[in-house]
Amino acid sequence: MSQALREFLMRKAKLEKLFKWGVRWSLWPVHLVTSCCGVEVAHTSGPGFDAERWGVLPFHTMRQSNVILVEGTITRKMARVLKMVYEQMPEPKYVLAMGACAVRGGLFWNSYHVVQVDTVLPVDVYIAGCPPTPEAVIRAFMMLHNKIKGQPGPYIEPTKVDLTPYLPPPPKPQQKPAAQAA
Amino acid sequence: MAVKAPPKCPPPADHPLLEKLRTALGDALLSHGVTPEGHLCLMVPPGKVREVAAKLKELGFDHVLSLSAMDYMAEGKFLVMYVYASYLNPDLKNQLLHVRAEIPRNDPKIASIADIYPSADYDERECHEMFGIWFEGNQHMGKRFLLDPDCCIDEKTGKPLYPLRKDFKVPDWGLMG
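Taken in sequence, the protein lines are chains S and F. Here full-length UniProt numbering is used: the first residue of the first sequence is 1, the next is one more, and so on. Here full-length UniProt numbering is used: the first residue of the second sequence is 1, the next is one more, and so on.
In case anyone wonders, no lab produced these hints; they're calculated from the structure. Quantities reported herein were computed from a predicted structural model and do not represent experimental measurements. Don't take every hint at face value.
Stated by the list, open to error - Label-pair ranges, simulated between beta-carbon atoms:
(1) F/D91 with S/V39: 33 to 43 Å
(2) F/N94 with S/L167: 52 to 62 Å
(3) S/W109 with F/P118: 29 to 39 Å
(4) F/A13 with S/E135: 44 to 54 Å
Quick reminder that beta carbons are idealized off the backbone N, C-alpha and C, glycines included.
Okay, chain S solo, but in the shape it has when bound (with noise of 0.2 Å):
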């Protein structure tokens, strides 16, 4: 019966759409700070960038959040925990790899006790940088409201600002001397 009325409310009264606005405009990511990459977060989150006007707050507990975001170094040990603490999480989840050892192992590629995020959790978005700038967490984020609109893709036009009028004239190429007569 609850199965029939969910289906009834998502797809025929059309309540799929409010469902993913409210999803987009609330990621609470989940700080694991494991490295350096924790330090760009709190710049993320603090006054000068203010992720939350997207909507991003950032959370302590997995269990009343819905993004992990998985900053720096994964060993095998930190694998097992950040595996526990994905499946505490309730749906809908979504997890960020965020920084370079997160992606590919960065510093620690090819070593005895890394692991790749992708290898143990099914990575919605990775941020690529060593550590990535707070600019590219908030543009990973947008990139998930993307994804969960179903719109995949970096979908975000740079701003365009002429600059001509401010810049000094290109200066004229001069004149080349005529070549003497041998």
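Use these hints to put chain F onto chain S, whose structure you have.
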């Protein structure tokens, strides 16, 4: 490409602590050197590590900052390196004392100093699982401390491998991981 191994002890020079240590340690002092930072470095025989540690405790060194090892694979030896320092003694302020001992690589055993200096306990356990050096007297030998229980185990024999030894081979991830 042949990589030249670093020297086991820096070149000898004068040091204000040297006379005091020479009278205190006696024949336990094999040779000495001074590092470029100005810290004294002593080579001691591996059988007298506990005796040296007890005497240094009397002299005022109250903790072991670091305990590590170095693998000289070509010579078949491990160099166990202790770094002593003092928080409380004003005469030993800003001084680090390096104490080094050589042990054979095929039978790496050395006495534990964890009961004299409790701060050396964790370092000994780490050194044991990274290099396979057996610290006799430490109760935690043979157990995993930092490494994952499934990591670094020989598939054929089931014995643990030691990842910081020079002959350890990491599994190759390939070009793109």
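Now for the hints, and whether the structure bears them out:
1. For the hinted restraint 33 to 43 Å between F/D91 and S/V39, the CB-CB distance of approximately 39 Å keeps it satisfied.
2. Between F/N94 and S/L167 the C-beta distance comes to about 55 Å, which sits within the given range of 52 to 62 Å.
3. The hinted window of 29 to 39 Å between S/W109 and F/P118 holds, with their beta carbons roughly 36 Å apart.
4. Evaluation of the 44 to 54 Å hint for F/A13 and S/E135 yields a pass: the beta carbon distance comes to about 52 Å.
Checked against the numbered hints given earlier, the structure satisfies every one of them.
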